[in-house]
Amino acid sequence: MQERTHIVRSKNGLSPLVWLSLALLVTWLVLPLVPLAVWSVSRSWFFPDIAPSAYSLRAWEYVLSPTSEVLPALGTTLIIALGVTILSILIGLPAGRALGLYRFRGKALIELLILAPTIVPGIAVALGLHVVFLKAGLAGTMSGVLIVHLIPTLPYMVLVMAGVFANYNPDAEAQARSLGANRLQAFRYVTLPAILPGLLIGSLFAFLVSWSQYILTLLIGGGRVVTLPLLLFNFASAGRNDITGAIGMIYILPGMILLVFAARYMSGRNQAYTATGQI
Amino acid sequence: MTGTRFIFRTFRRYCCHFAIFAILTYPLTIHASEAEFKNWDEVVDAAKGGTVNWFLWGGADNINAYVSDYVGGELKKRYDITLNRIGLSDTAEAVNLVLGEKQAGNDDNGSVDMIWINGGNFRTMKQGDLLYCGYTDLLPNNQLVDWTDPSIANDFGLPVDGCEVPWNRAQFAFAYDIARTETPPESIAALIDWVKQNPGSFTYPAASDFNGSVFIRHVFYHAAGGVEKLLGPFDQTTYDAVAPKAWAILNDMKPYLWREGTTYPNSIASLAQLFANQEVSLYFDYDPAIFGINVENGIFPETTRSYGLADGTIGNINYVAIPYNSPNKAAAMVTANFLLSFEAQFEKAKADVWGAAPAIDVARLRQEEQTHFAALPRNPAVIAPEILARHALPELHPDWISAIETGWQEYVAK
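Heads up: the protein sequence lines correspond to chains L and R, in order. Per the numbering used here, the first sequence starts with residue 46, numbered consecutively. Per the numbering used here, the second sequence starts with residue 2, numbered consecutively.
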């Protein structure tokens, strides 16, 4: 199990090679964000200057003004992403458990179907769905957007959970039940700790995939559900690097916070949380 | 405006869909334009307390502010109408939305009440019977519009027929930096020589870009010896006679272009970046207001100036249109009427607001209003629209445009 190797490593400290690759990874992730931050406060930045020749907070003033609707869009994006994450857990956890633990007729086909949205381009699905959503009265509503985001998020959640449950021994639940725990207690004290790292990874995927949706939101939301990627693309395609930079900074914030928060649990350093689940 | 290029950008992409669609629906295309309202007072009454979902290109903060703050504020104050601005990256997104609603049978409760539109998108909507038509005479400010002007009555060669209301006038112009370039070329013929004398300092976006396409049309007009032969429906014989000359000019130019013409910028935003970075010496845009906006935004240097061509530059009008299934037609009509008013057109013309040229005929305004327009300070980077308008060229029929774009890809880009 991957978590086991982590435990061993964390006891011995990280090797220099691991440190080096970590440093490279962080550089890779952070470096592209630096120009974004600089653009957001620049007024003129001409090639081949290393730094802008004039600075201004105008992009931020616009982005934070009611006209830009960036802050309401941040709220909308957050509500949708959180809603999608919760729905993905509610659907993905039982589905992943079934796929991971049981063998049944047509399992391979179902796995393929679940994977399909990650292979088929979203726009192809969305164009057909738009008519269905219109007829159902879901087009142009937040719940419609929430539902349509499940298409790209569920495969990640289900497949991660299926992987977790494939290495999970349900006998532990039976043992807990035989020791007097009810179903809820067995889930709370036995199942959940065992699957938590996987569940967090799946949730993080679901959140971030929903967070970054553009075309599905645009098509099903019909412009009435305004999320940050829509506003971001307005300015990115218009070549307005300053405003794109400012919206971009706001856009990456929740993902960063979540990642830092979730990393603590996902590292698997706490032995009780390892997916092997042997208590 | 900057917006106009996005309005047409996808024209070519949708052309085929549209052609098939038009053939399929042709017998059904009867314009249902019976007026639902008898007079303007009825419209204003019906509009009270309404909401207008206005879909328009949202890539410029100053336009967004003008629409949301100024227009939205005034509509609320004067008519108790709530304006909801919905920013688009591409106007075709709104067109597709209405098309999807029609396919789903949503004929009276659509999500789009108004679109900033012209060219190919207007064509798609008009011929797909997706527009509410025949209301323009009801608008009191319609009297400020000179419908006898063919460039207003026809949107890219397609009669408007009361299906949209003019909003802005745009005319192609070149920009240069007086600190770097002393005498820019002021005709297509001069440009051809200038490019050869100044290798590497000129390029134009590919034909897939709206502004690149309109530049290529200027060369095409030059090759044809004038636009007259090219007006009207597409004519293969004329095209075959002119096209080789135009491609020869552009191919001769190629080795002297930026990066020896091995590549072309894929969007006008890229050309703006090249000009800002001093990699090229000339910039152009369908709307000269962008020069001033870019100077204001610090993208272009303060020493930017602009000019038209002695042999004329292409102009167009962009409009607002109301989809046939808008549930807020009265409120949208009141909005369209307000956009035509002196106050709204004047505010929009201010250089620090937007700098867009009015679509109304200023000569039809009251004397003091005309004085206001005449006294407007202009950003020095923006050429006066009336000077530019002295040498204005018409746009071509969309079939011509797509033929030229395809030809360029085939014979010049390769």
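A few of these clues could be false.
[Unchecked claim] What follows is a list of derived Cβ distance ranges for each label pair: (1) L:Glu106 x R:Gln371: 33 to 41 angstroms; (2) R:Asp42 x L:Val165: 50 to 58 angstroms; (3) L:Leu116 x R:Trp41: 35 to 43 angstroms; (4) L:Val75 x R:Thr239: 53 to 61 angstroms; (5) R:Gln279 x L:Tyr100: 37 to 45 angstroms; (6) R:Pro378 x L:Asp94: 27 to 35 angstroms; (7) L:Leu116 x R:Arg367: 37 to 45 angstroms; (8) R:Thr372 x L:Phe91: 33 to 41 angstroms; (9) R:Thr263 x L:Ile164: 32 to 40 angstroms; (10) L:Leu157 x R:Lys197: 20 to 28 angstroms; (11) R:Asp109 x L:Ile164: 36 to 44 angstroms; (12) L:Ala82 x R:Glu261: 49 to 57 angstroms; (13) R:Ala390 x L:Val79: 20 to 28 angstroms.
Simulated from the structure, these hints should not be mistaken for laboratory data. Just so it is clear, CB atoms sit at the ideal spot from N, CA and C, and this is done for glycine as well.
Evaluate the given range 20 to 28 angstroms for the C-beta pair formed by alanine 390 of chain R and valine 79 of chain L. For valine 79 of chain L against alanine 390 of chain R, whose Cβ atoms are near 46 angstroms apart, the range 20 to 28 angstroms is violated.
Do aspartate 109 of chain R and isoleucine 164 of chain L keep their Cβ atoms within the hinted range of 36 to 44 angstroms? holds (38 angstroms)
Should the hint that leucine 116 of chain L and tryptophan 41 of chain R are 35 to 43 angstroms apart at their CB atoms be regarded as holding? Since leucine 116 of chain L and tryptophan 41 of chain R have Cβ atoms about 38 angstroms apart, the given range 35 to 43 angstroms holds.
Could you see if the CB distance from proline 378 of chain R to aspartate 94 of chain L stays within 27 to 35 angstroms? holds (31 angstroms)
CB-CB spacing for threonine 239 of chain R and valine 75 of chain L relative to the 53 to 61 angstroms hint: holds (58 angstroms)
Taking 37 to 45 angstroms as the stated bounds, is the beta-carbon spacing between leucine 116 of chain L and arginine 367 of chain R within them? Holds: the Cβ-Cβ distance is about 42 angstroms, inside 37 to 45 angstroms.
Do the beta carbons of glutamate 106 of chain L and glutamine 371 of chain R sit within 33 to 41 angstroms of each other? Holds - the Cβ-Cβ distance for glutamate 106 of chain L and glutamine 371 of chain R, about 35 angstroms, lies within 33 to 41 angstroms.
If you check the beta carbons of aspartate 42 of chain R and valine 165 of chain L, does the distance land in 50 to 58 angstroms? holds (54 angstroms)
Range agreement (Cβ of lysine 197 of chain R with Cβ of leucine 157 of chain L, hint 20 to 28 angstroms): The hinted range 20 to 28 angstroms is violated for leucine 157 of chain L and lysine 197 of chain R, with Cβ atoms some 60 angstroms apart.
Confirm or reject the claim that threonine 372 of chain R and phenylalanine 91 of chain L have a C-beta distance inside 33 to 41 angstroms. holds (39 angstroms)
Does the Cβ-Cβ separation between glutamine 279 of chain R and tyrosine 100 of chain L fall within 37 to 45 angstroms? violated (20 angstroms)
Does 32 to 40 angstroms hold as the CB distance between threonine 263 of chain R and isoleucine 164 of chain L, or does it fail? holds (35 angstroms)
In summary, the numbered hints that this structure violates are 5, 10, 12 and 13.
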